[in-house]
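From just these sequences and the hints, can you work out the full model?
Residue numbers (this note's numbering), protein chains in the order written: chain A, 1 to 311; chain B, 312 to 622.
Be a bit skeptical, because a hint or two may be false.
Unchecked claim - In the EDC-like style, the derived pairs of lysine to aspartate or glutamate whose C-alpha atoms are separated by at most 20 Å in a straight line are: (1) A:Lys-245 / B:Asp-327; (2) B:Lys-556 / A:Asp-16; (3) A:Lys-17 / A:Glu-134; (4) A:Lys-245 / B:Glu-522; (5) A:Lys-28 / A:Asp-139; (6) B:Lys-328 / A:Asp-249; (7) B:Lys-332 / B:Glu-349; (8) A:Lys-266 / B:Asp-394; (9) B:Lys-339 / B:Asp-327.
Source of the hints: derived by calculation from the structure; they are not laboratory data. Just so you know, these numbers come straight off a predicted model, no measurement behind them.
Number of protein chains: 2
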Amino acid sequence: MTKHIYIFSPSSAVRDKAAFKRGVARLKALGHDVEIDEAALATHQRFAGDDATRLAAIARAAASGADVALISRGGYGLTRILDALPYKAVAKAIAHGTEFVGLSDFTAFQQALLAKTGAVSWSGPAVGEDFGAEAGPDDIMEACFDDLLSGQGEGTGWRLPARDAEAASGMRSIHGAQLWGGNLCVLTSLLGTPYFPVIDKGVLFLEDVGEHPYRIERMLEQLRHAGVLARQKAILMGQFTGYRKVPNDRGFSLQGVVERLRGQIKVPVLTGLPFGHVPTKVLLPVGAKVEIAAEGRDVFMVWGHRHAHHH
Amino acid sequence: MTKHIYIFSPSSAVRDKAAFKRGVARLKALGHDVEIDEAALATHQRFAGDDATRLAAIARAAASGADVALISRGGYGLTRILDALPYKAVAKAIAHGTEFVGLSDFTAFQQALLAKTGAVSWSGPAVGEDFGAEAGPDDIMEACFDDLLSGQGEGTGWRLPARDAEAASGMRSIHGAQLWGGNLCVLTSLLGTPYFPVIDKGVLFLEDVGEHPYRIERMLEQLRHAGVLARQKAILMGQFTGYRKVPNDRGFSLQGVVERLRGQIKVPVLTGLPFGHVPTKVLLPVGAKVEIAAEGRDVFMVWGHRHAHHH
Numbered sequence: 001m002t003k004h005i006y007i008f009s010p011s012s013a014v015r016d017k018a019a020f021k022r023g024v025a026r027l028k029a030l031g032h033d034v035e036i037d038e039a040a041l042a043t044h045q046r047f048a049g050d051d052a053t054r055l056a057a058i059a060r061a062a063a064s065g066a067d068v069a070l071i072s073r074g075g076y077g078l079t080r081i082l083d084a085l086p087y088k089a090v091a092k093a094i095a096h097g098t099e100f101v102g103l104s105d106f107t108a109f110q111q112a113l114l115a116k117t118g119a120v121s122w123s124g125p126a127v128g129e130d131f132g133a134e135a136g137p138d139d140i141m142e143a144c145f146d147d148l149l150s151g152q153g154e155g156t157g158w159r160l161p162a163r164d165a166e167a168a169s170g171m172r173s174i175h176g177a178q179l180w181g182g183n184l185c186v187l188t189s190l191l192g193t194p195y196f197p198v199i200d201k202g203v204l205f206l207e208d209v210g211e212h213p214y215r216i217e218r219m220l221e222q223l224r225h226a227g228v229l230a231r232q233k234a235i236l237m238g239q240f241t242g243y244r245k246v247p248n249d250r251g252f253s254l255q256g257v258v259e260r261l262r263g264q265i266k267v268p269v270l271t272g273l274p275f276g277h278v279p280t281k282v283l284l285p286v287g288a289k290v291e292i293a294a295e296g297r298d299v300f301m302v303w304g305h306r307h308a309h310h311h
Numbered sequence: 312m313t314k315h316i317y318i319f320s321p322s323s324a325v326r327d328k329a330a331f332k333r334g335v336a337r338l339k340a341l342g343h344d345v346e347i348d349e350a351a352l353a354t355h356q357r358f359a360g361d362d363a364t365r366l367a368a369i370a371r372a373a374a375s376g377a378d379v380a381l382i383s384r385g386g387y388g389l390t391r392i393l394d395a396l397p398y399k400a401v402a403k404a405i406a407h408g409t410e411f412v413g414l415s416d417f418t419a420f421q422q423a424l425l426a427k428t429g430a431v432s433w434s435g436p437a438v439g440e441d442f443g444a445e446a447g448p449d450d451i452m453e454a455c456f457d458d459l460l461s462g463q464g465e466g467t468g469w470r471l472p473a474r475d476a477e478a479a480s481g482m483r484s485i486h487g488a489q490l491w492g493g494n495l496c497v498l499t500s501l502l503g504t505p506y507f508p509v510i511d512k513g514v515l516f517l518e519d520v521g522e523h524p525y526r527i528e529r530m531l532e533q534l535r536h537a538g539v540l541a542r543q544k545a546i547l548m549g550q551f552t553g554y555r556k557v558p559n560d561r562g563f564s565l566q567g568v569v570e571r572l573r574g575q576i577k578v579p580v581l582t583g584l585p586f587g588h589v590p591t592k593v594l595l596p597v598g599a600k601v602e603i604a605a606e607g608r609d610v611f612m613v614w615g616h617r618h619a620h621h622h
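Structure representation (structure tokens):
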């Protein structure tokens, strides 16, 4: 099943070219037709080319006719160009079967696209860190990516961590709720702007990397005070990694942040979602309607059959 | 001129007790009647006591009848208790002559108070880091604090950095604009919530510590995308300190962030305000009406005479 994969760089400059090359090679080894955007390795300061260069790269990805437009990496850069993104062209490309895939800084692109057009994009891997991982790509990530390519993906499931075993007890099944979210810091940095989607009775998933639990709590508090959390049917906590505890914490922990949040909102807060800055990540359709059910510690999220696209 | 100074801890736990003691001793040496809140040295996890303890401390500060209610330190903690702050009691205390002074995490208290009641509080020093500084308190900080105590303070002035010498050229004088702001990260963390003041034609001042320029830019972009910056008559950039440049920056800098911002909004962006996580800090009345004028590189900001309060 050869697919056309278009690789582009909307955010930070690709510094780890070895990982990028490994990722491209892996996608080719899987049998795909890999097209690399002409500016994928461009650099300007921290960025993969200046703002105009990255905007043009996104426009080319939208015009590529590829099955998947996949980011090289995250980092920082989309916030700067939200005013000028080719939203209509991207939405049109998605309607014609190009799936946009990425994470981290890409969260800004995904929420803004959803807010402006309602188009569905995918939270998922990046070329370098995932397909180009030095230890080799993660099996589950690749299987989920393959599900997307084949149009077979219908959902995902995970087991709640033991300490959160009760989190889903008594939770009613959720039907037809819009899934949205991504990186907590990037998502929160859109609050109050026209790029933050207004989603009621949705399912919000969150992850982050390198943010201390006090900052995670402050961001969750911002979403709570803004009324965003109480409007959802569920909050799904992905992986929060890469932060350092400090002596000053004295028992203040991410687990405590989650438990406190549960005391403040009635919405179920389910942890353990296999998504974030970790090798084992599922793909999640930002903007799609999902069903969620739980049996004991097992959570199932289904977005229904998506037809494979043929070009 | 003996004044009654009430010291309280609304945010993080006081870990540097030596600095706290030095600060208290310094205020006493200046001739003041220093009252220390019973929970000023309380600890709970990262915090100066649990949420209820810190809320009670704020209520006691409001009921103290002091001339100044001064924070022991910033850190993190006010975000958690914004829903329950005794806004009316604090506003009433301020109306009766108690000036609330602090910075950093205190920014959340100040903006929420302004949004809820319109009451004016002061961005200024903290006990430990400022009055208790190991090298001794900064002269200018102490002079500004003394101006507040004596009711003589009418304004402040500073010189634009040489590289920004042209920033104020052609700027019209500003009259009767409401001053607001503080720590950029804390202020931005209120956007989209009921605790973010809606201020048109105001003067917004910002500072931060330990935030890389790309994060500063992302926060400024959030304020810009939310329409907050364009609504102001001036943006005053205080001191941005304590971040580390990284090899990945490749020329991306805070100066570049400011220059880019100037290209995006018509509002004057004036740098060099002596306020932030630095020893030399002026006191600034959050919520007060100010006048601003510039002559070459010299900027003058006046908030008019405030009467000394007598108890």
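Q) Is Lys-266 of chain A close enough to Asp-394 of chain B, meaning Cα to Cα at most 20 Å? A) It holds: about 17 Å lies between the C-alpha atoms, which stays within 20 Å.
Q) Is Lys-328 of chain B within 20 Å of Asp-249 of chain A, Cα to Cα? A) Roughly 17 Å separates the two Cα atoms, so the pair holds.
Q) Regarding the pair Lys-339 of chain B and Asp-327 of chain B, is the alpha-carbon distance no greater than 20 Å? A) With Cα atoms ~19 Å apart, Lys-339 of chain B and Asp-327 of chain B stay inside 20 Å; holds.
Q: Starting from Lys-556 of chain B, check that the Cα of Asp-16 of chain A is at most 20 Å away, please.
A: With Cα atoms ~19 Å apart, Lys-556 of chain B and Asp-16 of chain A stay inside 20 Å; holds.
Q. Taking only the CA atoms, is the gap from Lys-245 of chain A to Glu-522 of chain B under or equal to 20 Å?
A. holds (18 Å)
Q.
Please verify whether Lys-17 of chain A and Glu-134 of chain A have alpha carbons no more than 20 Å apart.
A. It holds: about 12 Å lies between the C-alpha atoms, which stays within 20 Å.
(Q) Hinted pair, alpha-carbon criterion (20 Å max): Lys-245 of chain A, Asp-327 of chain B. Please report holds or violated. (A) With Cα atoms ~19 Å apart, Lys-245 of chain A and Asp-327 of chain B stay inside 20 Å; holds.
Q) Within 20 Å, alpha carbon to alpha carbon, are Lys-28 of chain A and Asp-139 of chain A? A) With a Cα-Cα distance of about 16 Å, the restraint between Lys-28 of chain A and Asp-139 of chain A holds, given a limit of 20 Å.
Q) Is Lys-332 of chain B close enough to Glu-349 of chain B, meaning Cα to Cα at most 20 Å? A) Since the Cα atoms of Lys-332 of chain B and Glu-349 of chain B sit roughly 15 Å apart, the hinted pair holds (cutoff 20 Å).
Against the hints set out earlier in the document, no violation occurs for any number.
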